[in-house]
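Asker: The primary structure of each chain is shown beneath.
There are 2 protein chains.
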Amino acid sequence: MLNVIKIGGNVIDNEQALKSFLVDFSAIRGFKMLVHGGGQLSTKLSEMLDIQAQMIDGRRVTDAETLKVVTMVYAGWINKSIVAQLYANGCTALGLSGADANTIPAVKRNPLPIDYGFVGDISPARVNVGFLRSVMEQGAVPVFSAITHDTKGTLLNSNADTVASSLAIAMSHITPTRLIFCFEKKGVLSNLDDDSSVIPEITRDMYAEYKVQGIISGGMIPKVDNAFKAIDSGVKEVLIKHATAINTGGGTTIK
Amino acid sequence: MLNVIKIGGNVIDNEQALKSFLVDFSAIRGFKMLVHGGGQLSTKLSEMLDIQAQMIDGRRVTDAETLKVVTMVYAGWINKSIVAQLYANGCTALGLSGADANTIPAVKRNPLPIDYGFVGDISPARVNVGFLRSVMEQGAVPVFSAITHDTKGTLLNSNADTVASSLAIAMSHITPTRLIFCFEKKGVLSNLDDDSSVIPEITRDMYAEYKVQGIISGGMIPKVDNAFKAIDSGVKEVLIKHATAINTGGGTTIK
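Same order as they appear, the protein sequences are chains A and B.
Going by the working numbering, the first sequence opens with residue 1, and the numbers climb by one from there.
Going by the working numbering, the second sequence opens with residue 1, and the numbers climb by one from there.
Each statement offered as a hint is correct.
Pairs involving identical chains hold if they fit within one copy or between any two copies, as the list cannot separate such chains.
In silico lysine-lysine, DSBU-like type, Cα no more than 30 Å apart, as pairs:
#1 Lys211 / Lys255
#2 Lys19 / Lys152
#3 Lys108 / Lys19
#4 Lys255 / Lys236
#5 Lys185 / Lys236
Because the hints were derived from the structure by calculation, they are not lab data.
Please model the complete structure; the sequences and the hints are all you need to start from.
Answerer: In structure tokens, the structure reads:
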């Protein structure tokens, strides 16, 4: 089973949590891939450089200057730091953006009705599965930032959850694949104030119901949407769980 | 013949020159690798972030903050921008730091007598030749920044000329290899004020003489030293030439 694992920005921002996660990740046997989010460093760097954050409906617009910052931070510092740490743990990693070996070609999002700037949408069918298989067969573990490209020379900023689910969907056509979203909670919670209220399993019917009741809301909705899309597209299993629990049970299984 | 080509910071800093170089580079047939220097962006970024440059004997010290900046700029923005542009030119590239797939393990330079900080020295014998061969056989062109690692979790800043010569030496053990240093001059000049005074060929005896006479001096010395080291270690040919001339004649051949 290939494990495609995504870690969120909260883990990236906590040096100890990241270190501990990378030890656990290194211990996973068999084929695996890592996708990392960005964390606060790019926001901090933008502020230090006086780049004004443009927001539309609570979403950041990736203008040319912001694209430079996120590429430096995600594909540069964070990606290479993770790769170096993994090697020290005995895990030979290969840091990638979607531009590298054209692993993840993307399409710049239509500026109408809302222009989010240099944001890339991904089609799993275009992922360079052959190259990734070959890299893994060479014993290297792909580690992705969420920077992609439009194949015409322009880098793009993509959503890390979508990068992870797209990679998992693409790889599921050649090998059984599990997708794990790791973050700072133990799973999808039925009560946000109670960290132990993990919903062990969510079916599509339950999901519809939870949304109506407002139990699943906000940032969790795109994550669970991505999870269902992955299941519908051939991924064997999707788990949403705490970053400290990748090698143990628990979490929420999407079915 | 494998071509290992290094472009300097002056080319990186000039958008049009870089674009034009990348078109020429894409047109080279057969196996090839690119190593790129840094340019002024990291200095500019350091200034904007109020990171004081520490210099010893005219050489910059890579402290922890500077390491972060050069990793962001070299391995992040510059590397990924080049990779995206190459793909647009029909050249599938794979951006690498020396940490990626442990392609270039390095050793942190001894802090005595002078502590240059996070600077990595490279031994060509440790280059991961097998991985690079496999990548090229897959049709991807390795594109290196000069960021390496100590294999214990720490990234290091290496000299881009040395990265290029180390890669060429390492690869020369498995395939005939040519090393080309591209920069903003037409070759090694006998008169720095006369851009047409290119020395077509330099042997070791001539080099000794030129150094005594002060004809070859300053930053050209480590470049020519690297060139001779490469020739002595198995590289078939080393050329020093203008970045606009990689597919044409001219330049200086080191014999």
